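Chains R and E supply the protein sequences, listed in that same order.
Just so you know, we're using full-length UniProt numbering here: the first sequence kicks off at 1 and counts up by one.
Just so you know, we're using full-length UniProt numbering here: the second sequence kicks off at 1 and counts up by one.
Honestly, the hints are just simulated from the structure, not real lab data.
Treat the numbers as computed from the prediction; the structure is a model and nothing was measured.
It is possible that some hints are incorrect.
As the list claims (entries may be wrong) - With beta-carbon atoms standing in for the labels, derived distance ranges:
hint	chain 1	residue 1	chain 2	residue 2	range
1	E	H160	R	E34	26 to 34 Å
2	R	P610	E	H160	56 to 64 Å
3	E	K62	R	N254	51 to 59 Å
4	R	D382	E	K62	48 to 56 Å
5	R	N254	E	E126	49 to 57 Å
Said to hold, decoys possible - Here are the simulated lysine-lysine pairs, PhoX-like style, with alpha carbons at most 25 Å apart:
hint	chain 1	residue 1	chain 2	residue 2
6	R	K192	R	K120
7	R	K86	R	K120
8	E	K55	R	K25
9	R	K25	E	K188
10	R	K150	R	K120
11	R	K25	E	K62
12	R	K275	E	K86
13	R	K275	E	K123
14	R	K337	R	K429
Backbone N, C-alpha and C fix where the C-beta goes; we use that ideal spot for every residue, glycine too.
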Amino acid sequence: MFVSKARIFNETPINPRRCLHILTKIIYLLNQGEHFGTTEATEAFFAMTRLFQSNDQTLRRMCYLTIKEMANISEDVIIVTSSLTKDMTGKEDVYRGPAIRALCRITDTTMLQAIERYMKQAIVDKVPSVSSSALVSSLHMVKMSFDVVKRWVNEAQEAASSDNIMVQYHALGLLYHLRKNDRLAVTKMLNKFTKSGLKSPFAYCMMIRIASKLLEETEGGHDSPLFDFIESCLRNKHEMVVYEAASAIVHMPNCTARELAPAVSVLQLFCSSPKAALRYAAVRTLNKVAMKHPSAVTACNLDLENLITDSNRSIATLAITTLLKTGSESSVDRLMKQISSFVSEISDEFKVVVVQAISALCQKYPRKHSVMMNFLSNMLRDDGGFEYKRAIVDCIISIIEENPESKETGLAHLCEFIEDCEHTVLATKILHLLGKEGPRTPTPSKYIRFIFNRVVLESEAVRAAAVSALAKFGAQNDDLLPSVLVLMKRCMMDSDDEVRDRATFYMNVLQQKQKALNAAYIFNGLSVSVPGLEKSLHQYTLEPSEKPFDMKTVPLATAPITEQKTEIAPVATSKLPEKLAPSRQDIYQEQLAAIPEFKGLGPLFKSSEPVQLTEAETEYVVRCIKHTFANHMIFQFDCTNTLNDQLLQRVLVQMEPSEAYEVLNYVPAPSLPYSQPSSCYSLVRLPEDDPTAVSCTFSCTMKYLVRDCDPNTGEPDDDGYDDEYVLEDLEVTVADHIQKVLKPNFGAAWDEIGDDNEKEETFALATVRTLDEAVNNIISFLGMQPCERSDKVPENKNSHVLFLAGVFRGGHDVLVRARLALADGVTMQVTVRSTDENVVDVILASVG
Amino acid sequence: MNTVVCSANSFAALCYSSRYFPTAANQPEVSHIHRKWLTSALKNKYYDDTYPTVKEQKAFEKNIFNKTHRTDSEIALLEGLTVVYKSNIDLYFYVIGSSHENELMLMSVLNCLFDSLSQMLRKNVEKRALLENMEGLFLAIDEIVDGGVILESDPQQVVHRVALRGDDVPLTEQTVTQVLQSAKEQIKWSLLR
Numbered sequence: 001m002f003v004s005k006a007r008i009f010n011e012t013p014i015n016p017r018r019c020l021h022i023l024t025k026i027i028y029l030l031n032q033g034e035h036f037g038t039t040e041a042t043e044a045f046f047a048m049t050r051l052f053q054s055n056d057q058t059l060r061r062m063c064y065l066t067i068k069e070m071a072n073i074s075e076d077v078i079i080v081t082s083s084l085t086k087d088m089t090g091k092e093d094v095y096r097g098p099a100i101r102a103l104c105r106i107t108d109t110t111m112l113q114a115i116e117r118y119m120k121q122a123i124v125d126k127v128p129s130v131s132s133s134a135l136v137s138s139l140h141m142v143k144m145s146f147d148v149v150k151r152w153v154n155e156a157q158e159a160a161s162s163d164n165i166m167v168q169y170h171a172l173g174l175l176y177h178l179r180k181n182d183r184l185a186v187t188k189m190l191n192k193f194t195k196s197g198l199k200s201p202f203a204y205c206m207m208i209r210i211a212s213k214l215l216e217e218t219e220g221g222h223d224s225p226l227f228d229f230i231e232s233c234l235r236n237k238h239e240m241v242v243y244e245a246a247s248a249i250v251h252m253p254n255c256t257a258r259e260l261a262p263a264v265s266v267l268q269l270f271c272s273s274p275k276a277a278l279r280y281a282a283v284r285t286l287n288k289v290a291m292k293h294p295s296a297v298t299a300c301n302l303d304l305e306n307l308i309t310d311s312n313r314s315i316a317t318l319a320i321t322t323l324l325k326t327g328s329e330s331s332v333d334r335l336m337k338q339i340s341s342f343v344s345e346i347s348d349e350f351k352v353v354v355v356q357a358i359s360a361l362c363q364k365y366p367r368k369h370s371v372m373m374n375f376l377s378n379m380l381r382d383d384g385g386f387e388y389k390r391a392i393v394d395c396i397i398s399i400i401e402e403n404p405e406s407k408e409t410g411l412a413h414l415c416e417f418i419e420d421c422e423h424t425v426l427a428t429k430i431l432h433l434l435g436k437e438g439p440r441t442p443t444p445s446k447y448i449r450f451i452f453n454r455v456v457l458e459s460e461a462v463r464a465a466a467v468s469a470l471a472k473f474g475a476q477n478d479d480l481l482p483s484v485l486v487l488m489k490r491c492m493m494d495s496d497d498e499v500r501d502r503a504t505f506y507m508n509v510l511q512q513k514q515k516a517l518n519a520a521y522i523f524n525g526l527s528v529s530v531p532g533l534e535k536s537l538h539q540y541t542l543e544p545s546e547k548p549f550d551m552k553t554v555p556l557a558t559a560p561i562t563e564q565k566t567e568i569a570p571v572a573t574s575k576l577p578e579k580l581a582p583s584r585q586d587i588y589q590e591q592l593a594a595i596p597e598f599k600g601l602g603p604l605f606k607s608s609e610p611v612q613l614t615e616a617e618t619e620y621v622v623r624c625i626k627h628t629f630a631n632h633m634i635f636q637f638d639c640t641n642t643l644n645d646q647l648l649q650r651v652l653v654q655m656e657p658s659e660a661y662e663v664l665n666y667v668p669a670p671s672l673p674y675s676q677p678s679s680c681y682s683l684v685r686l687p688e689d690d691p692t693a694v695s696c697t698f699s700c701t702m703k704y705l706v707r708d709c710d711p712n713t714g715e716p717d718d719d720g721y722d723d724e725y726v727l728e729d730l731e732v733t734v735a736d737h738i739q740k741v742l743k744p745n746f747g748a749a750w751d752e753i754g755d756d757n758e759k760e761e762t763f764a765l766a767t768v769r770t771l772d773e774a775v776n777n778i779i780s781f782l783g784m785q786p787c788e789r790s791d792k793v794p795e796n797k798n799s800h801v802l803f804l805a806g807v808f809r810g811g812h813d814v815l816v817r818a819r820l821a822l823a824d825g826v827t828m829q830v831t832v833r834s835t836d837e838n839v840v841d842v843i844l845a846s847v848g
Numbered sequence: 001m002n003t004v005v006c007s008a009n010s011f012a013a014l015c016y017s018s019r020y021f022p023t024a025a026n027q028p029e030v031s032h033i034h035r036k037w038l039t040s041a042l043k044n045k046y047y048d049d050t051y052p053t054v055k056e057q058k059a060f061e062k063n064i065f066n067k068t069h070r071t072d073s074e075i076a077l078l079e080g081l082t083v084v085y086k087s088n089i090d091l092y093f094y095v096i097g098s099s100h101e102n103e104l105m106l107m108s109v110l111n112c113l114f115d116s117l118s119q120m121l122r123k124n125v126e127k128r129a130l131l132e133n134m135e136g137l138f139l140a141i142d143e144i145v146d147g148g149v150i151l152e153s154d155p156q157q158v159v160h161r162v163a164l165r166g167d168d169v170p171l172t173e174q175t176v177t178q179v180l181q182s183a184k185e186q187i188k189w190s191l192l193r
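Isolated chain E (complex conformation) (with noise of 0.2 Å):
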């Protein structure tokens, strides 16, 4: 059970009105897409104080997962916070906003993110595949938001900074395990070939 929540402002919001907050007193100067990045076992990133403090934030996540992960709808209310998910084999991505942010812009973090991930992991977006590459998870998601503010939103550029190498690890820091994996592949492809 994994879920990837991340919370962020978003670049779009920075123009702040008074329709997008009622009650302007209460609100911070720049809107809030809390995008999350997921989960109980994974990253979870919050770009602003919706949930100060870490008991909040788990008991936030809690409560999204307990109300999403039954159903393959993507798009969910909670908590005065609009809430896009999508999930994949074990893993869930959450990506959260204001209210009054505009789903669709959402909408795009999350694709980017997913698209981003999946070519990263050659399509394989599980939670083993996604363990062994976290750094390139944390690097994903630093090149797709920065303090909230949307950097990106195509996955091909994201993957293209990202840039990280792929199994050119020299032989001597592999383990025999490895070694063998990455044989038993190569051997499968000129098979399939």
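Here chain R stands alone, though its shape is the one from the complex (with noise of 0.2 Å):
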């Protein structure tokens, strides 16, 4: 269609009038997303060509802006280069400008080094207009053609100082993105620009954010020249340079009340400006220092509280659910009541921030949690979308974990809202939920018809997530089961394969009544990784063989699904699609597998968190991650080489252990050249004969050939001398043998191992001073996962009991149950249940 209206194009003499006319057409069309065939755009594109021919000002420019809105999809755009180029050099200035853009977005690296030269000319150009468009082009060139652009450092550096406020943003944006990756070139430009003062805002605004960047890269002090650069911004005559600079600041990681002070109060004074936007800025930064710093914004919550009723709603919002963190107990009631009078006009997003907000204040006030169990669970019958109803269902659950007293009531609230609930995620977490709390309520019956419910009307996924919850009720209560039997008896009857399966499963589990299987199938289930069990489970259908498949040589998951508490999220990472990656051992599986070297060690038991075996700022920065095997131990050393003008090869990590242990392969990375991390590994049997012997200290040596090269080109020497760099010690400890296992329910875990190998022993921890100490401590140096929320020991109590549980290496059950007493020091029982005799004696032996 655009094709035969283009025909208008062609008619001498041209009609400027009516060839405009279409030019918008045309980009009016392409910018609301109609779809042009290749033939057609390039057709019509060669008849709008002839348009350069006319002399009339707008007309060119709509070409101009053709060309570029064309660029994309229509071919042999190139042509019209000459007649841009010569635009770009002309006389007209109106011209100028906008042919450089319209250029630039159809040139490629190779064309470009042909206009080079205009453009070193065009960024030096008097005409602001020019300048800044060149600038503005090479700024959207460095993605591509990084090299070309590179050369025209001096250029934009003559820009930079411009009269023109827009032409000095722009070549300082410029100069800054052919610099980042020097730190040293960004700091000077940083000093020279703050030192001779800039005149746009814009500029300013962008110098902030450089320089808080620096200051996070280097942890540069706050007595660093950039935060004083930074807080002399505060004093700037332009809002958005004040406004940029007060939030910097904030944002800043490990800012004290002090240094938040003086931010504080520019934002203060935003909350009163009459324009919308200003409030809107100074009242959500203010929300985000609530965050960490609550008692830095009580002296705002005066203006706080006059934008509770802002006509703009979500400036109210913000204002209220800062009130709601830096607010007192007494205060919360009439906050709560302001909050349900706006709820329902206000966005989603702003509905999860509030709730958000009142999650965190529970945790602050736990008395008052029945005033907003109630205010959450009206919240949750009004209509939203998931991810505002998900936010309420982890609230509601996060106060029932915190608080006992609120459980049943929690319980209940929950117990409505799946009566009616179209998201089947919620619903099966909810479910699962019910399964672990509901039979330890007093009346555990009551929740059955709920779940029952479920299964009656609900998809597949929910129905068999209300069979497992269940199961739960009928193995912790004994009166229940006879009922609970009948129900599963009719559960076997679903159309789901799924769900009757689980029905049958659970069934014969319940009948046996036993509480060993009970605790092993019904409340703590497998703890494998899902892709290795599912790699083991091929590898053993490859290979058949004569003895049944071997749980214990499945390798672990290694982060146990726990309930994390979510932090309080910004709001902006909701739209964020949430990938299941391969779990962090399962990729380590996978390359420690291709290596022929590591052939039949069995599955991966545990990977380490990295460890540095050299200091940040080296000349070759070494880590370890430690991986474990059933009688074998791999150390991977990723090895960082940072000297440009070294190629370093065969590069290897000797290590002198201290212990039995016995070096029994080197594999060395081929080549390290500069900057591009690569690994070597050494395979170390652990001692057989004395199964007591977890700890160790190596220390390492890594060993290579130096070849020197040119830094510039990389080109090596031809010989090479052999030279060896001493790292730090490597220390192996029981927490290397150990993998964490979540026992959701610990009761049944321990009743399940027995006493057959149990062991206690007393300790006296004397340097440590609290409980919370001794229990992080104790978690960190055994490695194993704490379960039933015995992690966080309660205020104001002088005794705690630690729950434990993890697999030692080799695959026995290990759990600990550490009872603390805080005297004068803390005085520590250690209980040990395993399944295997030496394990108990190791863990004994190391904790001692």
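Got two chains here, each in a separate frame; can you build the complex from them with the hints?
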């Protein structure tokens, strides 16, 4: 259709008005997302090129726009290069800027070199629009042809001292992007321009961002000149700059209250500004401050209360949530009332913000839980999207976990919610929680009805979850067992396979009436890694053998599914897709299996967190990851060479063990060029005759062949020399032999293992002052998973019981119960149970 | 019902830091102010890939319009993006950016856009006038934002650079109604004087 219209372009003489009209239509359609075929677009494009003959200014400008819009859909757009080059170097200033931008849009790296000379001239042109256009276009080109644009640094430098504010801003932007990998150059640039002062508020904002980024990277203290610069911007005459500086200070990690004070006071001034955007910006930033330093914001409470009635609902919501964080216990009721008056008018994003604020408040004032719970359940009944509902459910769940008194009300609200819940994920989550918490309440029977209703009414996934929850009631409460069995029987008629399978399985387990079976199969599920299990089973089917499949050969799940407390996440993340990435350990398993030297070690049992073996700023940076197998350990050394005039070859780390560990094999990294990390490995056999020797210290030395090379070309010399580099010692501790496993029902697991291999010992921890500290020390020392939320010590108690669960190398379950008492120092009575006697000894020996 | 939406990267957002992008891995290098310049009927321009398909863009625009057209406040947070907006008679102008972006900077773009248009349309910022001067709108946006980078924030400069000729259309090309209209205007002005 447009091709036919485009015929008007061919009329002589050119009729600017009509052509303009058609170009406008084309651009409009392109912006609306109308699809043009390539041939159609190309034809229209070629017809359009004829319009360059006309000298009508507006028409020419519209041609540039059309070129930019069609650059991606039409073919051979580069034929207009010469026309555009002519315009950009011509006399008409009106054409030059737009022509540069259009030209750069259609240019590629090779073509760019041809127009390089003109670009350099344009950057330093005295007409601001030309210079700005050239700078901004260069900036877009940086991504594509960094090496070419890099050569324009001198011109950009000159433009940076221009009198025009926008030119200065664009030049600084380009300079920063050309130098951002070179921290020293960026620092120099900052020093230069912050001293001489800038004209453009945009440029100031950018400098503030660069400065705060540098501060963060270098972890510079707040006495550095960069911080002084940011602080000085708080006194700038442009509001934009003042706000940017305040928000930069607020976002700095570990900022003290004293440093925050000036930032908070300018934000407080903004709160009473007549401009809505400014009020919004201020209150949003204050809200962030309140998350970390509620006391710093208390001074603004009066201003914030005035904002509650703001006509802009977003501002009002932010003000309220900020007040919720800073307010006192007595003001909670009043604030809640105010929120409920307008909660239906705000967008889902803000509702989530409100819910998060309430959640934080519940932790602060546990006594107010009944008010909050009521409010939350009202919100749960209102309309809302998935994110919103999930935030509420998470909030209720966290209240239940924090506060035992609220458990029954909370569960009741959730039961009511699942009666009419369209979100499968939430329904299954709540059913799981009911299964976990319900049986331990005084009247478990009242939850059965809600759960069984799900079996009758819902989709497959929810029905299956409901069956699992029912089974937990049957296993825990003997008097409910007969009724549960009856219900199970009915579930066995279900139309869905999964539901039927689960029902049959639980039915059989429950009928055995054995505590140990219940514990193993109903309360505490499998703790293996699912991809690992899949792989092992596949392997097993490929190599048929007489032996039955052994669960112990399957690698364990690294991160047990803990109920992670949702940190108050930024609202922006709600859009990010949640991908199920393979766990870190599965990736290592893959990598190690690919190395022929490491065949036949069995499944990977545990991979440690990386340990740094060098200081941060040395010639070579080495970190080690310890991989534990049934009878061996592999040490993976990730090495980075930070010298650009050296190429390292045949890199390996020689290890000298202190105990009876035997180094079997080294796998060197063949070559280690500048700044490209590479790994070498050492294989070590664990002592077999002495199973209690779990800890060992290795002294490590990195050995390699150095070849000097030209830092510019990277070309290495022909011959090199051997050299070595001493690394820090590497420790292997008991934690490396134990994998964390979460037992959702610790008591059941404790009984399941039994007291055959139980040992008990008492220790005095003299150096530890608080229970919290003791608990954290034990957890990190043993590397085991705390269960039943026992890692949290209630306030004002002087005794505590910590439950830890794990699996020892070789697949033996280990459970530890530590009773702690606070007197002078902490006294600890440790009881260890395991399926293997040696393991118990190992743990007690290592604790002592 | 017209809405203006435009989407862009801001120049000011060029230097990013982890505070602007807590999850750096998921974010493009350069932050995105999506400045969106409106509409179901007029012009919208996206400068990045937050909403890659037309369908998503349409849905987003509809959502924004529904959330904002009833209130006359000027700023909101939607789908994790900061939206600043302004309405005049039957037009809505929106500028949208990342929620980590400086709100005042977005505001300066919106103001520049509105002021430039209002000068170009001689204070006549309404749908009919805008439709008749669509090319002016296109050129103005082109001068204010380039590939998401703020190019100019001074409305005077923008108007100067767009350099839209006024009524110097040759008489032969005007339709009868146009001639009548301009004659009427001139008589009106001479009477008022």
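Cross-check of the supplied hints:
Between H160/E and E34/R the beta carbon distance is about 32 Å. The supplied range of 26 to 34 Å therefore holds. Here the CB-CB span from P610/R to H160/E is close to 58 Å, well matched to the stated 56 to 64 Å. Between K62/E and N254/R the C-beta distance comes to about 43 Å, which lies outside the given range of 51 to 59 Å. Between D382/R and K62/E the CB atoms are about 22 Å apart, so this pair departs from the stated range of 48 to 56 Å.
Distance hint check: the CB atoms of N254/R and E126/E are about 53 Å apart, consistent with the given range 49 to 57 Å. Restraint check for K192/R and K120/R: satisfied, since their Cα atoms lie roughly 23 Å apart, inside the 25 Å limit. Taking the CA atoms of K86/R and K120/R, the gap is about 15 Å. The hint holds against a cut of 25 Å. This hinted pair checks out: K55/E and K25/R have alpha carbons roughly 21 Å apart, not beyond 25 Å.
In summary, the hint linking K25/R to K188/E is not supported, as the alpha carbons are separated by about 33 Å, beyond the 25 Å threshold. Straight-line distance between C-alpha atoms of K150/R and K120/R comes to about 11 Å, which keeps the hinted pair within the 25 Å bound. The straight-line distance between the Cα atoms of K25/R and K62/E is roughly 23 Å, inside the 25 Å bound, and the hint therefore holds. Of the pairs offered as hints, the one joining K275/R and K86/E holds, with about 12 Å between alpha carbons and a cut-off of 25 Å not exceeded.
Restraint check for K275/R and K123/E: satisfied, since their Cα atoms lie roughly 22 Å apart, inside the 25 Å limit. Simply put, K337/R and K429/R have alpha-carbon atoms about 30 Å apart, too far for the 25 Å limit, and the pair is violated.
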